[in-house]
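Student: Residues per chain, in single letters:
Number of protein chains: 2
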Amino acid sequence: MAFTFQINDDIKFTRNEVFLKKAEALKPTINTMRVKPISIIELTNDNGKLNGIGTRVVGEINDLNQIFLKRDDKVILDFGDHYVGRFSIKLSHHGSPQDSPLTLRVKYAEVAAELAQESSEYDGWLSKSWIQEEFYHYDELPAVLTKSRRYAFRYVELKVIDTSPKWSVSFSEPELEAQTSADFNEKVELPLGDQQLQSIFDVSVKTLRDCMQDVFEDGPKRDRRLWLGDLRLQALANYATFNNTELVKRCLYLFAAMTAEDGRIVANVFTSPQNIPDDTFLFDYSLFFISTLSDYLVNSEDEEVLGDLLPVAKVQMDIALKSVNELGKFSDQEDYPVFVDWSNDFNKETSGQAIMIYVLKQFIRLLEKSGENSENYQRILNKMLVYTKEKLFDQEQGFFVSGQDREINISSQVWLVLAGVLNVNENAKLMKKMVAELFPVRGIATPYMYHHIAEALFISGLRDEAVDFMKQYWGQMITLGADTYWEAFEPENVNYSPYGSPIVSSYCHAWGCTPAYLIKKYLL
Amino acid sequence: MAFTFQINDDIKFTRNEVFLKKAEALKPTINTMRVKPISIIELTNDNGKLNGIGTRVVGEINDLNQIFLKRDDKVILDFGDHYVGRFSIKLSHHGSPQDSPLTLRVKYAEVAAELAQESSEYDGWLSKSWIQEEFYHYDELPAVLTKSRRYAFRYVELKVIDTSPKWSVSFSEPELEAQTSADFNEKVELPLGDQQLQSIFDVSVKTLRDCMQDVFEDGPKRDRRLWLGDLRLQALANYATFNNTELVKRCLYLFAAMTAEDGRIVANVFTSPQNIPDDTFLFDYSLFFISTLSDYLVNSEDEEVLGDLLPVAKVQMDIALKSVNELGKFSDQEDYPVFVDWSNDFNKETSGQAIMIYVLKQFIRLLEKSGENSENYQRILNKMLVYTKEKLFDQEQGFFVSGQDREINISSQVWLVLAGVLNVNENAKLMKKMVAELFPVRGIATPYMYHHIAEALFISGLRDEAVDFMKQYWGQMITLGADTYWEAFEPENVNYSPYGSPIVSSYCHAWGCTPAYLIKKYLL
Numbered sequence: 020m021a022f023t024f025q026i027n028d029d030i031k032f033t034r035n036e037v038f039l040k041k042a043e044a045l046k047p048t049i050n051t052m053r054v055k056p057i058s059i060i061e062l063t064n065d066n067g068k069l070n071g072i073g074t075r076v077v078g079e080i081n082d083l084n085q086i087f088l089k090r091d092d093k094v095i096l097d098f099g100d101h102y103v104g105r106f107s108i109k110l111s112h113h114g115s116p117q118d119s120p121l122t123l124r125v126k127y128a129e130v131a132a133e134l135a136q137e138s139s140e141y142d143g144w145l146s147k148s149w150i151q152e153e154f155y156h157y158d159e160l161p162a163v164l165t166k167s168r169r170y171a172f173r174y175v176e177l178k179v180i181d182t183s184p185k186w187s188v189s190f191s192e193p194e195l196e197a198q199t200s201a202d203f204n205e206k207v208e209l210p211l212g213d214q215q216l217q218s219i220f221d222v223s224v225k226t227l228r229d230c231m232q233d234v235f236e237d238g239p240k241r242d243r244r245l246w247l248g249d250l251r252l253q254a255l256a257n258y259a260t261f262n263n264t265e266l267v268k269r270c271l272y273l274f275a276a277m278t279a280e281d282g283r284i285v286a287n288v289f290t291s292p293q294n295i296p297d298d299t300f301l302f303d304y305s306l307f308f309i310s311t312l313s314d315y316l317v318n319s320e321d322e323e324v325l326g327d328l329l330p331v332a333k334v335q336m337d338i339a340l341k342s343v344n345e346l347g348k349f350s351d352q353e354d355y356p357v358f359v360d361w362s363n364d365f366n367k368e369t370s371g372q373a374i375m376i377y378v379l380k381q382f383i384r385l386l387e388k389s390g391e392n393s394e395n396y397q398r399i400l401n402k403m404l405v406y407t408k409e410k411l412f413d414q415e416q417g418f419f420v421s422g423q424d425r426e427i428n429i430s431s432q433v434w435l436v437l438a439g440v441l442n443v444n445e446n447a448k449l450m451k452k453m454v455a456e457l458f459p460v461r462g463i464a465t466p467y468m469y470h471h472i473a474e475a476l477f478i479s480g481l482r483d484e485a486v487d488f489m490k491q492y493w494g495q496m497i498t499l500g501a502d503t504y505w506e507a508f509e510p511e512n513v514n515y516s517p518y519g520s521p522i523v524s525s526y527c528h529a530w531g532c533t534p535a536y537l538i539k540k541y542l543l
Numbered sequence: 020m021a022f023t024f025q026i027n028d029d030i031k032f033t034r035n036e037v038f039l040k041k042a043e044a045l046k047p048t049i050n051t052m053r054v055k056p057i058s059i060i061e062l063t064n065d066n067g068k069l070n071g072i073g074t075r076v077v078g079e080i081n082d083l084n085q086i087f088l089k090r091d092d093k094v095i096l097d098f099g100d101h102y103v104g105r106f107s108i109k110l111s112h113h114g115s116p117q118d119s120p121l122t123l124r125v126k127y128a129e130v131a132a133e134l135a136q137e138s139s140e141y142d143g144w145l146s147k148s149w150i151q152e153e154f155y156h157y158d159e160l161p162a163v164l165t166k167s168r169r170y171a172f173r174y175v176e177l178k179v180i181d182t183s184p185k186w187s188v189s190f191s192e193p194e195l196e197a198q199t200s201a202d203f204n205e206k207v208e209l210p211l212g213d214q215q216l217q218s219i220f221d222v223s224v225k226t227l228r229d230c231m232q233d234v235f236e237d238g239p240k241r242d243r244r245l246w247l248g249d250l251r252l253q254a255l256a257n258y259a260t261f262n263n264t265e266l267v268k269r270c271l272y273l274f275a276a277m278t279a280e281d282g283r284i285v286a287n288v289f290t291s292p293q294n295i296p297d298d299t300f301l302f303d304y305s306l307f308f309i310s311t312l313s314d315y316l317v318n319s320e321d322e323e324v325l326g327d328l329l330p331v332a333k334v335q336m337d338i339a340l341k342s343v344n345e346l347g348k349f350s351d352q353e354d355y356p357v358f359v360d361w362s363n364d365f366n367k368e369t370s371g372q373a374i375m376i377y378v379l380k381q382f383i384r385l386l387e388k389s390g391e392n393s394e395n396y397q398r399i400l401n402k403m404l405v406y407t408k409e410k411l412f413d414q415e416q417g418f419f420v421s422g423q424d425r426e427i428n429i430s431s432q433v434w435l436v437l438a439g440v441l442n443v444n445e446n447a448k449l450m451k452k453m454v455a456e457l458f459p460v461r462g463i464a465t466p467y468m469y470h471h472i473a474e475a476l477f478i479s480g481l482r483d484e485a486v487d488f489m490k491q492y493w494g495q496m497i498t499l500g501a502d503t504y505w506e507a508f509e510p511e512n513v514n515y516s517p518y519g520s521p522i523v524s525s526y527c528h529a530w531g532c533t534p535a536y537l538i539k540k541y542l543l
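Protein sequences, first through last, are from chains A and B. Following our numbering, the numbering of the first sequence begins with 20 at its first residue and continues without gaps. Following our numbering, the numbering of the second sequence begins with 20 at its first residue and continues without gaps.
Worth flagging that the hints you see were computed from the coordinates, not collected in a lab. Among the hints, erroneous ones may be present.
Which copy is meant is left open, so a pair is good if it fits within one copy or across any two.
Unchecked claim - Pairs of lysine to aspartate or glutamate residues, derived as DMTMM-like cross-links and limited to a Cα-Cα distance of at most 25 Å, are as follows: (1) 178 - 322; (2) 166 - 509; (3) 178 - 153; (4) 46 - 158; (5) 490 - 360; (6) 166 - 153; (7) 89 - 43; (8) 333 - 280; (9) 178 - 194; (10) 46 - 159; (11) 341 - 213; (12) 89 - 142; (13) 40 - 159; (14) 40 - 158; (15) 166 - 152.
Assemble the whole structure, with the sequences as input and the hints as a guide.
Tutor: Written out as structure tokens, the structure is:
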């Protein structure tokens, strides 16, 4: 997440210190691993790669210290894979005495395309502070660029802004200290027998690993914080791989501890330098607290969590139900919008209706699990189901419709399948029709929405279509050079960046990590 | 110094550890003082100031923390005077939670004109690393920009590269920790009764103070090291003010300790991270080791220094004399050039002849002081004097000439006056004629050469002309905004920069600090 932002700086927040303490106690150990670059590369033109930028090896890493650089010279190191961590390197001077400081620019890049951009040319709305670029002065060489700020990268470009006409600089001992709260060594191997699916799975695991830090971050390059929408998907992928349930639990407590005074859970929280809720609210993200809690309890028997967090879940549901009328119809509220996807080019009302039903069902199961009365919620659910089937399904066209203009869009069909409104045969029929008439997907850039489409296909028994769909989406990212899945990718417009430049795009983004979950749940 | 550079990286150097130990033992204490800015300013167009850039107060420093800055906003702090030191400031965030790092650019400027330049536009040969500009990232606010690198500045510009659309940054507690090995409190007041001369004196003392660090630096902004040509003049100004003889002694030992294997003293040395000689050799700079030693012994009875360093001085003289032929004529050598001044637009042979005579006289007095035989040197001196008077003075034109084309230039006259080749009346006649026919000075940009012209006028008894000359040169720098004297200034071309941009020019440069010496010696 990042594309949308709200400013609600008049809102007051609660602070449940008991929950915060529990979250604190669940703080994960950050594992580290030292990684050396594998080669010295340069950029090439390559139409098969993102933005037409490929790479070519031009030197052995062992020969790095034999390259003497002066003003405007540069060298690009390739670490061979995506990592999150801190870079370090030794700097030495050659020639006449060092009669000036060294000025060094260091760029960190997740994909090669970033290195083809000039930072000064970026003028989008998203903060320039996310550009992975540092300037260093060294008054005295030799010196060590000791552990840099934490960056997310595969490539490091070292550019000498200047030495002096009398001397040059060389580099040695490049290294990164990679970090994750997941396991570095855990190798999740599946008997897939399909190389492409295996790759799609592996990159998914890598994406998840690099996003698992102090919390489940949405993206280690940018945003670097806990979003509820991303958390829900990360948690699912996590159960299928690392199965670090403690980290999910920590994140649930963080959200539950810092709600708005009216009870709503925020869309994201910050955890450093201290725990702070962001002033952003999304209808479906708040509701997904219930889903994430529900999924957690499926994967981890935990009475304490259920007891602590069910009341918080109930508040979310009760607030959400204010958007549902007597007939069982959900209406989108401007000040508490339903997200569904970045795109605002489709009507989201029926998707919101479906998400309400999806979560309401999980909520009722939670109530039952804790022995509480769910009758009232069951009655509302039934009303919503009736309304959905009677008013939102267009018999003639064979699709669910959304909004006053009765728009037919992919999201409505997908979410109503996920919500289990139809039976197995109806789902299959609907999804086949969707594939036949509404595919290929257009105008959707998020793996988040693509995930829900893929899962709806699997649920409806369209296994082959789902696998094709995954290969065309996640598989194509890999073909284009992805070591981890991207925040945004449009197959019909492969170079699309939501910010107009790759240098602020996030190329390791949590909501892209779900293939591990999908493959494990539906293909094994 | 800085304008010329040589690369002689094949030269081997000696290392006299005894001398280096003595130099180490004389390492000065660095005094510090905390200074607060006096106001918030902005740049104005002002034709009376350097490069047409003036300043205007736009805010009280106490209101600084009420200014909230976002992308591209900036604020300029004025410390009210030139200082050398480390800047610090507190940074706070305002608005929604800090959902991105802060990227801050900090520029340090000795003169306002520097702030009107874009660093990216500088492409001169001098290292870009001298540009006083830093980029900082702050992942978490509040934060403190703790003591920056050492800079030379009066102004600090804080420019926000970016916050995010959701929050802004403010600054508080700006401070600099000024440093010098001179005394901060020593106030050198003279009963001059001439406000302009008093200002010229005061700025001279300030320039010297800011250049006095671990050694006598040539410029605290740029180069930041010990040059022999600058040292000679700094030492003279120092005797007239702070009278820190220990620091001069330290510098003499540093030069004496690290000569080339053939015995020549280098033009400059580095002292950090360790003591290293630069591979640059200038004929007159090596010789001025003798002058600096001679001046030191005039101001400080020190048998140890004389005993240690006379042999080193003798080597310089003996090498220099290889450039003097049987007739007593000096010839400039390409690989060991006579500097005299940056400008290469005049013939320097007669100036070199004069400098030889000037230093030879001092050397003979040193020999006599230590009871050594000086006959041989006396004989050469006489030959040089005869040659100078008979061959280099053009009776018809009434000027000394230089080179094959018998060029008449200011430097030849000045240096032969300083060398004491003529008697008092002849000096006065020559200088009057020079003022009448060769003034105003053209094409000379260094206070170094201007100093020698001024002193020649004083020596010749042209006191009024000398005072006028000083007011037109050093006085005009003050009018243009100087808090300390500049590395380069051409009265006929006030905005001249030897590097094409003020951002790498040094506006506190040791060789400009001599008015304190001249005033004290010739006007009191």
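Student: Now tell me, hint by hint, if it's right for this structure.
Tutor: Going through the hints against the structure:
For the homomeric pair residue 178 and residue 322, neither the shortest alpha-carbon distance inside one copy (55 Å) nor that between copies (53 Å) is at most 25 Å. Proximity of residue 166 to residue 509 under the C-alpha cut-off of 25 Å is found in neither arrangement, the shortest distances being 35 Å within a copy and 47 Å between copies. Taking the shortest Cα distances, residue 178 and residue 153 sit within 25 Å of each other both inside one copy (10 Å) and across copies (16 Å). Only between protomers do residue 46 and residue 158 lie at most 25 Å apart by alpha-carbon distance; the minimum there is 20 Å, versus 39 Å within a single protomer.
Taking the shortest alpha-carbon separations for residue 490 and residue 360, only the intra-copy value of 21 Å comes in at or below 25 Å, while the best inter-copy value is 73 Å. Proximity of residue 166 to residue 153 under the C-alpha cut-off of 25 Å is found in both arrangements, the shortest distances being 13 Å within a copy and 19 Å between copies. In the homo-oligomer, the alpha carbons of residue 89 and residue 43 never lie at most 25 Å apart, since the shortest distance is 48 Å inside one protomer and 33 Å across protomers. Taking the shortest Cα distances, residue 333 and residue 280 sit within 25 Å of each other inside one copy (15 Å), while across copies they are farther apart (86 Å).
Taking the shortest alpha-carbon separations for residue 178 and residue 194, only the intra-copy value of 17 Å comes in at or below 25 Å, while the best inter-copy value is 32 Å. In the homo-oligomer, the alpha carbons of residue 46 and residue 159 lie at most 25 Å apart only across protomers (19 Å), although the nearest pairing inside one protomer, at 40 Å, exceeds that limit. Proximity of residue 341 to residue 213 under the C-alpha cut-off of 25 Å is found in neither arrangement, the shortest distances being 48 Å within a copy and 85 Å between copies. Taking identical chains as interchangeable, the C-alpha atoms of residue 89 and residue 142 lie at most 25 Å apart only when they sit on different chains, with a minimum of 14 Å there against 30 Å within one chain.
Only between protomers do residue 40 and residue 159 lie at most 25 Å apart by alpha-carbon distance; the minimum there is 22 Å, versus 46 Å within a single protomer. Taking CA atoms no more than 25 Å apart as the test, residue 40 paired with residue 158 passes between copies only; the shortest distance there is 24 Å, against 45 Å inside one copy. Proximity of residue 166 and residue 152 under a CA criterion of 25 Å is satisfied in both settings, with 14 Å inside one chain copy and 22 Å between copies.
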